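Q: Numbering (the working numbering), first residue to last: 58 to 338.
Just so you know, these hints were derived from the structure itself, not from any lab. There could be a bad hint or two in this list.
To be verified - Below, a list of computed lysine-lysine pairs in the DSBU-like style, where the Cα atoms sit at most 35 Å apart:
#1 Lys275 - Lys335
#2 Lys209 - Lys99
#3 Lys335 - Lys243
#4 Lys335 - Lys209
#5 Lys243 - Lys275
#6 Lys209 - Lys243
Stated by the list, open to error - Pairwise CB distance ranges, derived in the manner of DEER restraints:
#7 Glu255 - Val133: 33 to 43 Å
#8 Lys335 - Leu141: 18 to 28 Å
#9 Pro277 - Ser129: 44 to 54 Å
#10 His246 - Pro100: 21 to 31 Å
#11 Gln267 - Glu118: 33 to 43 Å
#12 Ile221 - His59: 54 to 64 Å
#13 His59 - Val110: 19 to 29 Å
#14 Ile221 - Ile247: 43 to 53 Å
#15 Pro296 - Pro193: 53 to 63 Å
#16 Glu142 - Val183: 24 to 34 Å
#17 Gln111 - Ile247: 29 to 39 Å
#18 Glu255 - Pro306: 23 to 33 Å
Source: prediction; values computed, not measured. Glycine included, every Cβ here is placed at the ideal spot set by N, Cα and C.
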Amino acid sequence: MHILVTLNVFQNSLTSHDPCWRYYANLLRSLSSRSVIWYMTKPDFEGARSYFVQFGSEIDETCQEVYLSLLSRVQVCHIDDRILEEAALYGLNFPDRIRLACAIDYNLEGIVTYEPQQFALTVEDVYRLQLDGYFPVCMTSECLDAGFCVEKRLHIFSVASFLINLDETSIHLPYQLQSSEVFQLKEFHIICENEISEAAITLQVLDNLQLEATAVGKTPFEAIQLAIDSIIDHCVEMPARRLSSYSIPPATLLGAEAPVAVVICIECAGTTWQVTQKGKR
């Protein structure tokens with residue numbers, strides 16, 4: 058999991074004069090123990106280092122170790138003109154604009170902060186935050202290399218809600234893609250036992266993202282289809298659909314590497330779609 062953490066997560070653990078200091082320090086310790094790849098904007102990272110130099114002596118040695126341990130695992134998000142242009146689109150204060158733009162540009166899954174309300178863009182965001190302790194943010198961003206638009210989805214968490222929901226995989230939906238043409242099957246494994254097939258597949262989404270899924274079906278083909286659909290349903294809003302038929306037209310194979318055609322028919326939203334595709338495997 059790839060998460061951006063804000064400066065205040067470090068700041069709040071620094072002063073022993075605050076009655077809540079030990080609470081903040083314990084939460085920082087909990088974050089440090091999680092198997093998460095952490096990110097910070099460059100200004101936040103430099104700020105966290107500067108604050109520790111200035112105020113680190115006021116906290117106990119254990120908290121100092123946790124502070125520096127978590128900070129040492131942080132990857133820095135550098136700010137360029139593209140991120141500044143992206144940040145200008147959001148109606149937030151300037152530091153939070155930069156944080157949100159970095160999280161989107163670096164394809165992160167969420168932001169952890171002590172001030173999640175600062176990222177709320179709608180009344181619905183505020184409501185979800187009060188109800189769940191986190192809320193989703195969806196932003197449309199153009200992928201210039203691939204030539205299509207991607208609706209990127211991440212979540213804004215309070216520190217406590219992130220620790221509570223860390224294992225809830227249903228909230229980890231970083232992308233909402235607007236084109237199914239970007240999916241590519243990279244790898245799959247089939248296990249067949251007692252007339253039940255289990256498929257584990259990996260799909261390539263964009264240049265830097267691979268998604269995995271496992272599904273069980275009555276046939277190997279059905280298991281693969283269900284696994285692929287489970288990923289697509291996380292990335293593209295589509296009506297319910299089902300595979301109505303598939304076939305391999307008769308052909309003379311001229312060697313092991315000869316192309317083979319497959320015809321599939323899909324029923325979706327009251328319409329039947331038929332596609333023929335050729336490949337070597």
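Q: Could you run down the list of hints and mark each one as holding or not?
A: Here is what the structure says about each hint:
Annotation: proposed proximity of Lys275 to Lys335 holds, straight-line Cα distance about 25 Å (limit 35 Å). For the hint pairing Lys209 with Lys99, the CA-to-CA distance comes to about 22 Å; that is within 35 Å, so the pair holds. For the suggested pair Lys335 and Lys243, the alpha carbons sit about 17 Å apart, so the restraint of at most 35 Å is met. For the hint pairing Lys335 with Lys209, the CA-to-CA distance comes to about 32 Å; that is within 35 Å, so the pair holds.
Annotation: proposed proximity of Lys243 to Lys275 holds, straight-line Cα distance about 23 Å (limit 35 Å). Distance check on the hinted pair: Lys209 and Lys243 sit about 22 Å apart at the alpha-carbon level, within 35 Å; holds. Under the hint 33 to 43 Å, the C-beta atoms of Glu255 and Val133, about 41 Å apart, fit the expected range. The hinted window of 18 to 28 Å between Lys335 and Leu141 is violated, with their beta carbons roughly 46 Å apart.
Separated by about 46 Å at the C-beta atoms, Pro277 and Ser129 satisfy the suggested range of 44 to 54 Å. The hinted window of 21 to 31 Å between His246 and Pro100 is violated, with their beta carbons roughly 44 Å apart. A C-beta distance of roughly 41 Å is found between Gln267 and Glu118, which places it inside the suggested range of 33 to 43 Å. Evaluation of the 54 to 64 Å hint for Ile221 and His59 yields a failure: the beta carbon distance comes to about 19 Å.
The hint said 19 to 29 Å for the Cβ distance between His59 and Val110, and at roughly 27 Å that hint holds. Restraint check, Ile221 to Ile247: a C-beta distance of roughly 37 Å breaks the suggested window 43 to 53 Å. Separation of Pro296 from Pro193 is about 22 Å and departs from the stated range, judged on CB atoms against 53 to 63 Å. At about 27 Å, the beta-carbon gap between Glu142 and Val183 stays in the expected band of 24 to 34 Å.
The hint said 29 to 39 Å for the Cβ distance between Gln111 and Ile247, and at roughly 58 Å that hint is violated. The hint said 23 to 33 Å for the Cβ distance between Glu255 and Pro306, and at roughly 29 Å that hint holds.
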